[in-house]
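Peer 1: Chains D and G, in that order, are what the protein sequence lines are. For the record, in the first sequence the residue sitting at position 9 is 868 according to my numbering, with numbers rising by one throughout. For the record, in the second sequence the residue sitting at position 26 is 1327 according to my numbering, with numbers rising by one throughout.
The reader is advised that the hints may include incorrect statements.
Claimed, not checked - Using 20 Å as the maximum straight-line C-alpha spacing, the simulated SDA-like pairs for lysine to any residue come out as follows:
(1) 1330(G) to 921(D)
(2) 1330(G) to 927(D)
(3) 1330(G) to 925(D)
(4) 1357(G) to 951(D)
(5) 961(D) to 1333(G)
(6) 1357(G) to 912(D)
(7) 961(D) to 1336(G)
(8) 1357(G) to 944(D)
(9) 1357(G) to 945(D)
(10) 1330(G) to 928(D)
(11) 1091(D) to 897(D)
(12) 972(D) to 1031(D)
(13) 1357(G) to 921(D)
(14) 972(D) to 1028(D)
(15) 1357(G) to 1312(G)
(16) 1007(D) to 1042(D)
(17) 1091(D) to 1101(D)
(18) 863(D) to 1104(D)
(19) 1091(D) to 1078(D)
(20) 1330(G) to 914(D)
(21) 961(D) to 1332(G)
(22) 887(D) to 1364(G)
(23) 961(D) to 1364(G)
(24) 1330(G) to 1343(G)
(25) 1330(G) to 929(D)
(26) 1330(G) to 909(D)
(27) 1330(G) to 910(D)
(28) 1330(G) to 924(D)
(29) 1357(G) to 909(D)
(30) 961(D) to 1344(G)
(31) 1007(D) to 987(D)
(32) 961(D) to 1340(G)
(33) 1330(G) to 912(D)
(34) 887(D) to 1091(D)
(35) 1357(G) to 955(D)
(36) 885(D) to 1364(G)
(37) 983(D) to 941(D)
(38) 1330(G) to 955(D)
(39) 1330(G) to 926(D)
(40) 961(D) to 1345(G)
Calculated from the structure, these hints are not laboratory results.
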Amino acid sequence: MSSKTDQPLVIAGKTYQSRLIIGSGKYKDFAENLAALQASEAQIITVAIRRVNLGQDKNEASLLDVISPETYTILPNTAGCYNAEDAVRTCRMARELLDGHKLVKLEVLGDEKTLYPDVTETLKAAETLVADGFDVMVYTSDDPLVAKRLEEIGCVAVMPLGAPIGSGLGIRNPYNIRMILENAKVPIIVDAGVGTASDASIAMELGCDGVLMNTAIAEAQDPVLMASAMCKAVQSGREAWLAGRMPRRLYASASSPIDGTFF
Amino acid sequence: MQITVNGEARPLAGDMTVQALLQTLDLGKGRIAVEHNGEIVPRSEFSTRQLGDGDKIEIVQAIGGG
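All chains, please: the whole structure from these sequences, using the hints.
Peer 2: Here it is as structure tokens:
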């Protein structure tokens, strides 16, 4: 009998069957992105907000023509923002662009080399956005106190990094993620750092509510196959967490009985 | 009269609304959002919002990102 009961993933009042969130950056083309999205079974996909290219062909398809906001939950991000003001501006543009859609992924970066979150600016932006009626999913460091503070501000999900964005280094500090999970009352989603399927499973085995990734899929040799692998990894990790793993032992414990041996 | 659109200077012949500018730029139908001097212009105001000399316009769309 499982010691934990499965609760669906609910973000800002909406229930999701999939606990995997994927990005739409770094794909060869929209078709590959869509194929990966379908293989991943993700229901939420992040997008960036950027200036239109004024010289662009008006008949050229845009991302949202291919990945429909009617079918998927579009999660606009504030990637590229290095202060609260730019992040808030980006979210407001995104809300207008998506007809009043309130769900955003807030990320305020501190430095180009590490892409580590600037926590001070992140807290400031989160306060403004929550007061302005946004449902904020927030990318942050794996600091348990900051995670709690972001929850208290009213963020609908807190998303600590596993490792730097695009690094593929995996979950570098599982103990911090565990501390964050112990105190959390909102979904905790590992955002950034996943490199391969086992990393996603580790995040889920720790008890995370979901995993967000972009590069691990988009930069795989076969992104569509990796998307499928990630789908299964997240599900396996979740089931393993629900099942409750055996305790670690330093020494062996025989699986075959000693009784009845004939030698 | 001159305005700045997405960081590029553009001369304007005369009075123009946001909607007329978008049509000139062939952006009339796309899923975009517009900022006028740092303030969001709701879609419902595209046809009435007048542009003035020195105005700054930002036009954005959703693109791939993680």
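Peer 1: Among all the numbered hints in the text so far, which are the ones the structure does not match?
Peer 2: 13 and 34
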